[in-house]
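S.K.: Each chain, written out:
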Amino acid sequence: MTEEVVKLEDVWLRYDGTPVLEGVNLSLYRDDFLGIIGPNGGGKTTLFRVMLGLVKPGRGSVTILGETPEGGRRHVGYLPQHSLFDPDFPASVMEVVLMGRLGNAGLFRRYGRDDKGAAVRVLETVGMTDYRDRQIGKLSGGQQQRAFLARALVSEPQILLLDEPMANVDTPMQAGFYELLESLKHKMTIIMVSHDVSVVSACVDKIACLNRRLYYHGTGELTKHDIEEAYQCPVELIAHGVPHRVFEEHIDR
Amino acid sequence: MIEALQYEFMRNALYAGLLAAVACGIIGTYVVVKRMAFISGGIAHASFGGIGLGYYLAQYLSWITPVIGALFFTVLSALGMGLVVKRTRLAEDTAIGIMWSLGMAIGIIFIGLTPGYAPDLFGYLFGNILTVPQSDLIMMIALDAVIIGVVAALYKEFFALSFDQEFGTSVGIPTERLYLTLLCLIALTVVLLIRVVGIILVIALLTIPAATARQYTHSLWKMMMLSIIVGIVSVAGGLWLSYELDLASGATIILVSGSIFILSTVFSRLRRRKPEYAT
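Residue numbers (the numbering used here), protein chains in the order written: chain A, 1 to 253; chain B, 1 to 279.
If we strip away everything but chain A, and leave its shape as in the complex, we get:
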């Protein structure tokens, strides 16, 4: 039985009168892996913030595992786009990963043994065990991103939201990161957003385009027309032939 884990119905959102999301509909089922591409400023991060209940849509409804975003977010792991502003911040990798357990541990309490056990396990999963006591800001972009992925996974989420996960990852590290995602995709529903079509097309099952409106066809059938409508310019086309995805020549109009 497939279960609808994320459901957005006619979601509209404006910032300062500027429309950011217009009539977004989305439904995802267990273990779906959706890639969302779209131009910068197309509302990708905002869509995640709506799903996490960090902003309220002006209109429409958001349901996460049958609950409100606030209620459902304890089952959601989140990898934000800009996780670290201050490289000098006094925090070890372990402490950062444990932040993902804040919702489990509860206010006024210290992290318990199960929180620490979960952190040790996800550090193993992302291959960062040897770095657990290192200062997060002194690691490379790829290592930081693994640590933040561990933070997103440590609460054992059913839904994983990845915002531009490859943005700070150098190319040699990217392959490893894809492998990591590959190993996760049968354990949880994953949504990944990126402005980089090649990043998204490398590992997802379904693709949507977001440019205020979400252009999405549940089966993953996405036409060149859809992408061009989202970007409002000619784009490279991703063919949906599994296992290989092919880029077409850039066509000038």
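FYI, nobody ran anything at the bench for these hints, they're computed from the structure.
Honestly, I wouldn't trust all of these hints.
Using 27 Å as the maximum straight-line C-alpha spacing, the simulated DSS-like pairs for lysine-lysine come out as follows [unchecked claim]: (1) B:K34 with A:K138; (2) A:K185 with A:K206; (3) A:K56 with B:K222; (4) B:K222 with A:K116; (5) A:K7 with A:K185.
Here's a subset of chain B near chain A, in silico, CB distances under 8 Å, partners left out [said to hold, decoys possible]: (6) L130; (7) Q134; (8) E157; (9) G172.
For each residue, glycine too, the CB sits at the ideal point set by N, CA and C.
Given the coordinates of chain A, assemble chain B onto it according to the supplied hints.
M.R.: Relative to chain A, chain B alone:
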């Protein structure tokens, strides 16, 4: 120094300094890592409104002193500043700048309205650690206890708040209320520090010890402990120097602490290697 300690006022001064060092070590660490120096400066200066109000109300209510006025006024203005910064569209530095000066203006007006001469006004502005009465010491102990208690209870939440507020919200911790709580703790620390270094110099003890400590550790907890130690050394050293050389105590404490910071920066530059990237 030992001979100086036979005087009760010197002993009280030292105790006050140590109590202040504890608060500014803990809260100063958050001020530095969360980059809240400017809002802390705003809270510190706005506290002058409370001093003025305290002078004014003391005519009518015997239990009110300028410090008690400052305690209530500073906490309220910290909350006000936090809400204005979080809830309105005003740029953060503009909002702080406005409330910073409003607080001071209120203080000046109320001191003007209070008949007679405000005897230790200068002490509130620039600190006068040598006149700390026993009652203030008791209040300082209580404020330290509140600060330590709240930080111990909310350590991991404050950690997340300082590191990445948005992520904190996404895992369901009440970040806005935590932020306001932290601002209240800053307000309490400011009140604690007013006696020691004065309103104008409070921001120095909220930043310098923590900034020094940060050069030696990458653990938030150790940074707090280390900056308490730097604070204690600054206060004790500054007190002793001001006694020996007959200088203003608050300013001397700041100069000692600033010198420690400069020496430490030079030292850590010298010993610092390139950042290690393990691959």
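S.K.: Hint by hint, say whether it matches the structure.
M.R.: Cross-check of the supplied hints:
Between K34 of chain B and K138 of chain A, the direct Cα distance comes to roughly 18 Å. Compliance with the 27 Å bound is thereby established for this hinted pair. For the hint linking K185 of chain A to K206 of chain A, the alpha-carbon distance of about 12 Å falls within 27 Å, and the restraint holds. Taken as a hint, the K56 of chain A and K222 of chain B pair is broken in the structure, with Cα atoms around 39 Å apart against an allowance of 27 Å. Only pairs whose Cα atoms come within 27 Å are accepted, and K222 of chain B paired with K116 of chain A is accepted, the gap being roughly 20 Å.
Simply put, K7 of chain A and K185 of chain A have alpha-carbon atoms about 19 Å apart, close enough for the 27 Å limit, and the pair holds. Given hint, L130 of chain B at the interface with chain A, is violated; its Cβ is 35 Å from that chain's nearest Cβ, farther than 8 Å. A distance limit of 8 Å between C-beta atoms decides the matter here; for Q134 of chain B the minimum to chain A is near 33 Å, and the interface restraint is violated. The restraint placing E157 of chain B at the interface with chain A holds, with a minimum CB-CB distance near 7 Å, inside the 8 Å limit.
Restraint check, G172 of chain B versus chain A: the minimum CB separation of about 4 Å is within 8 Å; hint holds.
Figure legend: structure checked against the earlier numbered hints; hints not met, in rising order: 3, 6, 7.
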